[in-house]
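Asker: So the protein sequences, as listed, match chains A and B. Going by my numbering, the letters in the first sequence line up with residues 6 to 230, in that order. Going by my numbering, the letters in the second sequence line up with residues 3 to 736, in that order.
Among these hints, one or two may not hold up.
What the hints assert, rightly or not - Straight-line alpha carbon distances no greater than 20 Å define the calculated EDC-like cross-link-like pairs of lysine to aspartate or glutamate that follow:
| # | chain 1 | residue 1 | chain 2 | residue 2 |
| --- | --- | --- | --- | --- |
| 1 | B | K440 | B | D345 |
| 2 | B | K353 | A | E27 |
| 3 | A | K99 | B | E24 |
Source of the hints: derived by calculation from the structure; they are not laboratory data.
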Amino acid sequence: MLIDIDGDQNLADMLGVDLEKEKVRTILDVLFDIQKGKAYEELKSMPMPYKIEYLLRSDCVYESEKFDLISLGVKWTSGCYCLPNDLLKGIIPKMANSYKYMFVDTPAGLEHLNRKVLSEVNDLFVILDPSMKSIKNAQRIQNLAKELAIKYENFYLVANQRFSEGQEDLAQNIGGASYLGKIDYDADVEEYNLRGESLLELSEHSPAYLSVKRILAKAGYTTNN
Amino acid sequence: MSEFVIAAAAKGTATVVEQASELLNGSIAKLGAAKTVAFPDTAYYLPVIYGFTGKKVESLGDLSLALDYARNLLSAMPPGAEALQNIGVSTLIAEEIIEGVRFAEGEQPEIRKGYHFNGVIDDVQLRAWGVQLADGTISGVAAIIGAAKTNEVAAKIVRELQSKGLLTLLCGNVNDRSIVDQLLEEGIELGYNTLTVTLGSDTISAVYALGYASRLAFSFGGVKAGDSEQMLRWNGERAPVFVLALGEIDELKCATAAGALIYGFPLIADTPIPGISPFSTTKGEQIVSTPFDDITGIDDAERAQRLVQYCLEVRGIKVKVSELSLPVAYGSAFEGEVVRRGDTQIEFGGKGGTCFEWLTMKNMDEVEDGKISIVGPDPSAFEVGANTPLGIMVEVAGPKMEKDFEPILERQIHHFINGAEGVQHQGQRDIVWIRISKAAVAKGFNIEHIGRILHTKFHEQFSGLADKVQITFYTEAANVKELIDEARSIYRERNERAAGLTDEATDTFYSCTLCQSFAPSHVCVINPERVGLCGAYNWFDCKAAYEINPTGANQPVPKGKPIDLAKGEWEGVNKFVYEHSNMSVDRFTIYSILDAPMTTCGCCECVMAIVPEANGFIVVSREDYSMTPIGMTFSTVMGLIGGGHQTPGMMGIGKYYLTSMKFIVAEGGIKRVVWMSKNLKEEMKQELSQVCQREGVPDLLDKIADGSIATTIDELLPFLEQKQHPALSMEQLL
Numbered sequence: 006m007l008i009d010i011d012g013d014q015n016l017a018d019m020l021g022v023d024l025e026k027e028k029v030r031t032i033l034d035v036l037f038d039i040q041k042g043k044a045y046e047e048l049k050s051m052p053m054p055y056k057i058e059y060l061l062r063s064d065c066v067y068e069s070e071k072f073d074l075i076s077l078g079v080k081w082t083s084g085c086y087c088l089p090n091d092l093l094k095g096i097i098p099k100m101a102n103s104y105k106y107m108f109v110d111t112p113a114g115l116e117h118l119n120r121k122v123l124s125e126v127n128d129l130f131v132i133l134d135p136s137m138k139s140i141k142n143a144q145r146i147q148n149l150a151k152e153l154a155i156k157y158e159n160f161y162l163v164a165n166q167r168f169s170e171g172q173e174d175l176a177q178n179i180g181g182a183s184y185l186g187k188i189d190y191d192a193d194v195e196e197y198n199l200r201g202e203s204l205l206e207l208s209e210h211s212p213a214y215l216s217v218k219r220i221l222a223k224a225g226y227t228t229n230n
Numbered sequence: 003m004s005e006f007v008i009a010a011a012a013k014g015t016a017t018v019v020e021q022a023s024e025l026l027n028g029s030i031a032k033l034g035a036a037k038t039v040a041f042p043d044t045a046y047y048l049p050v051i052y053g054f055t056g057k058k059v060e061s062l063g064d065l066s067l068a069l070d071y072a073r074n075l076l077s078a079m080p081p082g083a084e085a086l087q088n089i090g091v092s093t094l095i096a097e098e099i100i101e102g103v104r105f106a107e108g109e110q111p112e113i114r115k116g117y118h119f120n121g122v123i124d125d126v127q128l129r130a131w132g133v134q135l136a137d138g139t140i141s142g143v144a145a146i147i148g149a150a151k152t153n154e155v156a157a158k159i160v161r162e163l164q165s166k167g168l169l170t171l172l173c174g175n176v177n178d179r180s181i182v183d184q185l186l187e188e189g190i191e192l193g194y195n196t197l198t199v200t201l202g203s204d205t206i207s208a209v210y211a212l213g214y215a216s217r218l219a220f221s222f223g224g225v226k227a228g229d230s231e232q233m234l235r236w237n238g239e240r241a242p243v244f245v246l247a248l249g250e251i252d253e254l255k256c257a258t259a260a261g262a263l264i265y266g267f268p269l270i271a272d273t274p275i276p277g278i279s280p281f282s283t284t285k286g287e288q289i290v291s292t293p294f295d296d297i298t299g300i301d302d303a304e305r306a307q308r309l310v311q312y313c314l315e316v317r318g319i320k321v322k323v324s325e326l327s328l329p330v331a332y333g334s335a336f337e338g339e340v341v342r343r344g345d346t347q348i349e350f351g352g353k354g355g356t357c358f359e360w361l362t363m364k365n366m367d368e369v370e371d372g373k374i375s376i377v378g379p380d381p382s383a384f385e386v387g388a389n390t391p392l393g394i395m396v397e398v399a400g401p402k403m404e405k406d407f408e409p410i411l412e413r414q415i416h417h418f419i420n421g422a423e424g425v426q427h428q429g430q431r432d433i434v435w436i437r438i439s440k441a442a443v444a445k446g447f448n449i450e451h452i453g454r455i456l457h458t459k460f461h462e463q464f465s466g467l468a469d470k471v472q473i474t475f476y477t478e479a480a481n482v483k484e485l486i487d488e489a490r491s492i493y494r495e496r497n498e499r500a501a502g503l504t505d506e507a508t509d510t511f512y513s514c515t516l517c518q519s520f521a522p523s524h525v526c527v528i529n530p531e532r533v534g535l536c537g538a539y540n541w542f543d544c545k546a547a548y549e550i551n552p553t554g555a556n557q558p559v560p561k562g563k564p565i566d567l568a569k570g571e572w573e574g575v576n577k578f579v580y581e582h583s584n585m586s587v588d589r590f591t592i593y594s595i596l597d598a599p600m601t602t603c604g605c606c607e608c609v610m611a612i613v614p615e616a617n618g619f620i621v622v623s624r625e626d627y628s629m630t631p632i633g634m635t636f637s638t639v640m641g642l643i644g645g646g647h648q649t650p651g652m653m654g655i656g657k658y659y660l661t662s663m664k665f666i667v668a669e670g671g672i673k674r675v676v677w678m679s680k681n682l683k684e685e686m687k688q689e690l691s692q693v694c695q696r697e698g699v700p701d702l703l704d705k706i707a708d709g710s711i712a713t714t715i716d717e718l719l720p721f722l723e724q725k726q727h728p729a730l731s732m733e734q735l736l
């Protein structure tokens, strides 16, 4: 289960999924319509929380053979987030139980994670830029996790493709975190991104793919298929 | 009571007392009055005699005293139906004397054709079963006397009783043929471990059943020996016992039945009884005749099954359905489980499909408990991934069931079905979406199991309401379409009823603390007649939210003791609000704006504020940015009261609260509204007109000013005076 709570909503694009074409809606699209009393005439008698759960499952889940995907969407014009957040916190973790893995793509900041989806994760992966700003951000996230009472087992750091040889040292000595390695530069990734093609189509020999595989293996994830 | 029964019983009792007398005298002559008399492995002596007379029988001589007691009852026989008590007691005492003598003579327990009867139930077993009776593991006790129509019928009756968790006591015969003979011939295992106890082959041994009941009263009911009134009352109220007479009823059976009747145990006979119309049961009816061949049923097996069902109904026995046995795991852990498309074997409803569920109340005789049927093709045979129409019809019967409970029970279908591993259920009513996984089907799960789940869970969780539950699945498109239309008209009726739900009709309100992240001391209390002030949640929504996320922001608030019903103040509500508002709000009223009004987070749809000069209030919509007659805009007022501050005279509301019967009733309701945002007035014109009509001022809406009429006090007052707004002549607010 992939959950994209980043406002950019580009996780689907990266995987070559056109949500619009698939008629899958974002959670916030659906909530907006409910709040405005639009559409769903036939669901009118259903109490709000059931309506949200029903629609979330029937309209917001992209289903494919290897993965399912939910996208939160962008904040709608006005109004208060509290109600859907409270319900999502009840619904999402329960759904997650049915999947082997749940992967949440969050914007750089944990508030989103806590407020919108869940407060307990196994592994936090923080992707670093080769910049002091990024290193500091990684430390800030640890403090924030404490403040927001987000429980995690592992705090992992991953350097992105912009790191060059030698720069990795920077990432290796951050207290409370384990550094897993660096995603290798891959011209194909740039090319695919440019053309809007799915990264799932990358070749098995792609340096980026192989490095991610290595990184995940280090974190205890086996990728044998 | 039938005169025939009384007359026959009177003759029966005279005969049996005489028989006891002869036997006893003969035995005393032979063995002496000091000869020990005891039922083995039991306390309480001869329990029936002990219960009625308080006398401990330990010897044949003691039995003589008991015989005198029985004779006295016979000679003092009152006329008519009142004779029943005397007949019953004297019969049972005489029968127990006979069994006592038989023990003294070494003739008990009975051996017949090589089979050793059990006779008296020992104390160890009495206690073990007593606990099971108390917790419902044993649902009741059937005392069967006589012989069934055929061996097959006998076997079916006993099997049926066993399956329903009843303890069965067997005795008596018809023309020297006993049900015990029949069961033995059928190879049915009899004994304590199969909940079947053979008392004896004659009618007299039925007294062991009543002795058993007396001992239950002594050991579990704390009844004292000799306090027969208490013993009989305890049994009538607490012991789920009935007598099933199979075959012809003779005089002695009538007399013995009289004994059972005074314990409060009804007699059901499978033969006609003169003076008693067949199948007529009313509350308190104690003798019921259900001529076996007249019972509806396709064959004798079905008639036997119905007969047992009938007995349970007459005695009001509720069967605790045994644990759910399914090919997949079951539990709340599976609620919310996702069955992915690729893993789905069978799908009903959802996008582009049709599926509905409808729970309806029926009369007791219209429902066959546990019946699960599929009308149309069995979905197990459908190809993978096919989306087929489905209608789930649940019919529930029970004396305490009410129409109003239908939607509450129906909503549980979602939770019940979701508990099965590999089954996903979403929605309700005619918007239902079910997926059954390939893995579940591979393990043998099919649609019938959904029926079993519903049957078991409704019994388990609504045992007070659902005495009988039957489930029908419709899989034929034409059927589904026809029924869905019918169901929809019912859903509409329910909506109308739900809209009429009053605060008085519930003991529980719901809290909403969704907004505490930015208004930490604000608590919304949402009741049927006051929607949440953000307008998003009503009482039903909160109730559902609590079910979905029990640790979420919507919690039940028990109303507790009323403090002021006119203002809507309850102890339980105050306590809850105090505890959940960081102890900053110690009381609040639900129907008043002047005295401790409900606080506001900042999300409210409208704010209300007092206009002292006009003796009323304004209602400002959050979509109205313009100036109001009190010199403040919506946001200025919000700035004053938002964030959970209690400000008497000002309050946030959901706009539909305006239409409630409970709208600021403490201050006089809608008649106090002197100004309202124009957009609100227009948007809610229809609903508000109805309210004005209801409140007896049909043209009130025209008397309420808006932003196009007045944005200052000086503009407002002349308008109200000109329109003769009712607020002006109401009691002074301040």
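Asker: Look at each hint and say if it fits the structure.
Answerer: Quick rundown of the hints versus the structure:
Distance hint between K440 (chain B) and D345 (chain B) is fulfilled; the C-alpha atoms sit about 6 Å from each other, no more than 20 Å. Proximity of K353 (chain B) to E27 (chain A) is assessed by CA-CA distance (about 13 Å); at most 20 Å being required, the pair is judged to hold. The suggested pairing of K99 (chain A) with E24 (chain B) is violated, with an alpha-carbon distance near 77 Å, which exceeds 20 Å.
Hint 3 from the list above is the single one not met by this structure.
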